[in-house]
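Participant: So the sequences go chain by chain: E and Z.
Residue 25 in my numbering sits at position 34 of the first sequence; the count goes up by one each step and never skips.
Residue 44 in my numbering sits at position 53 of the second sequence; the count goes up by one each step and never skips.
Derived from the structure by calculation, the hints contain no laboratory data.
Computed from a predicted structure; not experimentally measured.
Warning: the hint list may mix true and false statements.
[To be verified] Only part of the chain Z face toward chain E is listed, based on derived beta-carbon distances under 10 Å:
1. L25
2. P142
3. L144
4. G240
5. R344
6. N354
[To be verified] With the C-beta cut set under 7 Å, the calculated list includes, among others, these residues of chain E facing chain Z:
7. G91
8. T107
9. T114
10. G263
11. S269
12. L312
13. I314
14. V315
Built from N, CA and C at the ideal position, the CB exists for glycine as well.
Spelled out from the first residue to the last, the chains are:
Number of protein chains: 2
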Amino acid sequence: MNRIFPTDPFSAYRQFFHLPSNTIYLDGNSLGLLPKAVADRLQYVIKEEWGVGLISSWNQAGWMELPQRVGAQIARLVGVEPADIVVGDSTSVNLFKCLGAAVQLRPQRRVILAETDNFSTDTYMAEGMAKLLGNGYQVRYLPPNTFDVRPYLDETVAVALLTHVHYKTAAKFDMKQVTQDVHDCGALMIWDLSHSTGAMPVQLAACQADFAVGCTYKYLNGGPGSPAFVYASPTIAEQTWQPLSGWLGHQAPFAFETHYRPNTAILRFIAGTPHILSLSALHESLKIWEQVDLDALREKSLALTDLFIQLLEQTCDGYGLEIVTPRSHEQRGSHVSVAFEHAYPVVQALIARGVIGDFRAPNIMRFGFAPLYVSFQDVVEAVAHLQDVLASHEYLAPQFQTRKSVT
Amino acid sequence: MNRIFPTDPFSAYRQFFHLPSNTIYLDGNSLGLLPKAVADRLQYVIKEEWGVGLISSWNQAGWMELPQRVGAQIARLVGVEPADIVVGDSTSVNLFKCLGAAVQLRPQRRVILAETDNFSTDTYMAEGMAKLLGNGYQVRYLPPNTFDVRPYLDETVAVALLTHVHYKTAAKFDMKQVTQDVHDCGALMIWDLSHSTGAMPVQLAACQADFAVGCTYKYLNGGPGSPAFVYASPTIAEQTWQPLSGWLGHQAPFAFETHYRPNTAILRFIAGTPHILSLSALHESLKIWEQVDLDALREKSLALTDLFIQLLEQTCDGYGLEIVTPRSHEQRGSHVSVAFEHAYPVVQALIARGVIGDFRAPNIMRFGFAPLYVSFQDVVEAVAHLQDVLASHEYLAPQFQTRKSVT
């Protein structure tokens, strides 16, 4: 098939990643590809920094400042100053820090606004916080597919915790409008950017978001379970503290004082000793992003998902697929989700053909288009495979039916 | 000097570690040496498990169960069943989980008993918890060098958080007696084992400890900032929950339910996605421990510290040094701390000679004897260097005076 694709301004980036042979990787929204430079970098960190430098590397190899340095690498991607973001712990743990910091700024308000069908760790952490606090604290849940939050806001809401791009449907909130709405009711705003960072420009500061967290092992290619980032606006951060007040968030950790004195602004969101090996891999991966034009990246992302949707509609009509991702560019992230009765075995059959997407219960096939390395040709081939799997009914084969958990 | 040393039953273990040339490493209580097998293992994890296996490695490479599998490797070292301990997050974060789990089991009691001069993250996390909870929650501080906790216990104490071996002095609590005392007043017991695990046998279950946390980058050689372990007695764990209720502590994470249902016992202490690279390094390092006889290890540890103290007294008399580590075997961990007015520059001068110890403010020189790889010859040479540094006054040289932070 001859097809004229849009120009790909990121075609040179694909070579920075290790792409397994015979693979079309549409799961970079779950675990990003391995940047080729990471393996050598980790050898150096292990053999030289740890093996030879030993404890001196906390200073001489800059381990101690790695949470800030890696944060600074992410700053431009989410529209904040380099000094206002740090990396460490998991997204879950960072959510707890932000929730704790938020509720103590609104002590008279006892409601955490969350999403019924957000990625589960977001609702679970909100629940954990409300349960620990007791005293009438509760989580209020937005119904699924609610994008106008105003009906759920009132003077009891202390903080809203929303995910910018939905993990399942890829539906996207209007960050500026929603943040404004939340502020208008006097509440604080936490954004989870796990499915937007590295897929599109994000303007946290311009939207006046109070807090944000995000995952780094998806579009940022930090490696399995790489540490998450956390942002707090400097004004807000200075007014509050966060409850996971570990020693490295202290103003003078090596003074070993008995009482906690929070460090400046976002630095007080650092808790325990950073996971240096995982953090070093992320640090190396993020070097790829230095010159990336985020507007061009978003344009390519939309072109990829547009092409996928268009081809799906052209070639897979009549199989009972339902595209659950919004068609409007303004409301869409960088993955496309398709509901289908046999979603699980179809995803397995595609994986057997080298087309890696993922399944999300109960009936979603999720295809992620990491715009830095997915090509338009990948999209064409992926849809051709999907059409073939559907037409041939090969997904009905027994080996594709057995459920295994995948992230 | 000819000297007859005690037999070293662990002499064969030294070869498993990378020891930089011309180095006597007495800081394994801060950051353990690099086990030689780790670099190759991480190459495999990065290039094969991540690079090729990609998301399938969550199942096929066992990433999903790594918190449990690494926990099981540590179980024998702390005297618990393999199924009762998991690894993930930092010591600080795990302390918060245990504190949260403890206070909700004693809702009428509002005091957390802590140590004034414990390693600072322990007191800071207790403070963070009390501040978040409000409502009269407070931290009660044991005075320095208090080993009989009974005068500080009463019916207001919900939980005691103590570190088994003191990070600065190496003074050791009587775990069985103190746990009994804490239980007798109706409170719960959290032990921080950061400075004991891998240096001596620990019997958490036999002492009926309720919770424990510990660092893995010291005597367990997991690498800089490697994830920490957390233990809860299975009976206690089933009765409570922990507030950092992330998705991987849920009974069915991939069901993506809206509400949190805690998994069985200690598995509910897992929070977010595990840091696989850091965890994999630790997993490899812990293989060294499979056959280690912990009683013999403790015997060697005491012989090393005995020898160090004895030589120090013989050769460094008159310089104004004060050994602050208890002489009694029952009360001592595996490091020896020496107070000295010029502690900082002496430690720097020793480091310049290849004898790596560390400084702890305001005036402590700390020498750690990781019994798996420190030799008796190391002890002799270290004391000879120390004596020489003191006698020659070389520590007064300007290059040794400038303060840098070290962990």
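Participant: All hints are to be evaluated individually against the structure, with a verdict given for each.
Facilitator: Hint check:
The beta carbon of L25/Z is positioned within 10 Å of a beta carbon in chain E (closest approach about 4 Å), and the interface hint is therefore held. Because the beta carbon of P142/Z sits about 19 Å from the nearest beta carbon in chain E, more than 10 Å, this interface hint is broken. Given the 10 Å rule on beta carbons, the hint for L144/Z is violated: about 20 Å separates it from the nearest Cβ of chain E. With its C-beta approaching chain E no nearer than about 8 Å, G240/Z sits inside the 10 Å limit, and its interface hint holds.
Look at R344/Z: its Cβ only gets to about 14 Å from chain E, farther than 10 Å, so that hint breaks. Given the 10 Å rule on beta carbons, the hint for N354/Z is violated: about 12 Å separates it from the nearest Cβ of chain E. With a cut of 7 Å, the hint placing G91/E at the interface with chain Z holds, because the nearest CB-to-CB distance is about 6 Å. Taken as an interface hint, T107/E checks out: its beta carbon lies about 5 Å from the nearest beta carbon of chain Z, inside 7 Å.
Hint status for T114/E: holds, given a least beta-carbon distance of 6 Å to chain Z, under 7 Å. Residue-level restraint check for G263/E holds (minimum Cβ-Cβ distance to chain Z is 3 Å; threshold 7 Å). Annotation: S269/E was flagged as interfacial toward chain Z, and the flag holds, the nearest CB pair being 4 Å apart, inside 7 Å. Taking 7 Å as the C-beta cut-off, the interface hint given for L312/E is violated, the closest approach to chain Z being about 21 Å.
With a least beta-carbon distance of about 20 Å to chain Z, the hint placing I314/E at the interface is violated under the 7 Å criterion. Violation of the interface hint for V315/E is found here, the shortest Cβ-Cβ separation to chain Z being roughly 15 Å, above the 7 Å cut-off.
Hint violations for this structure: numbers 2, 3, 5, 6, 12, 13 and 14, all remaining hints satisfied.
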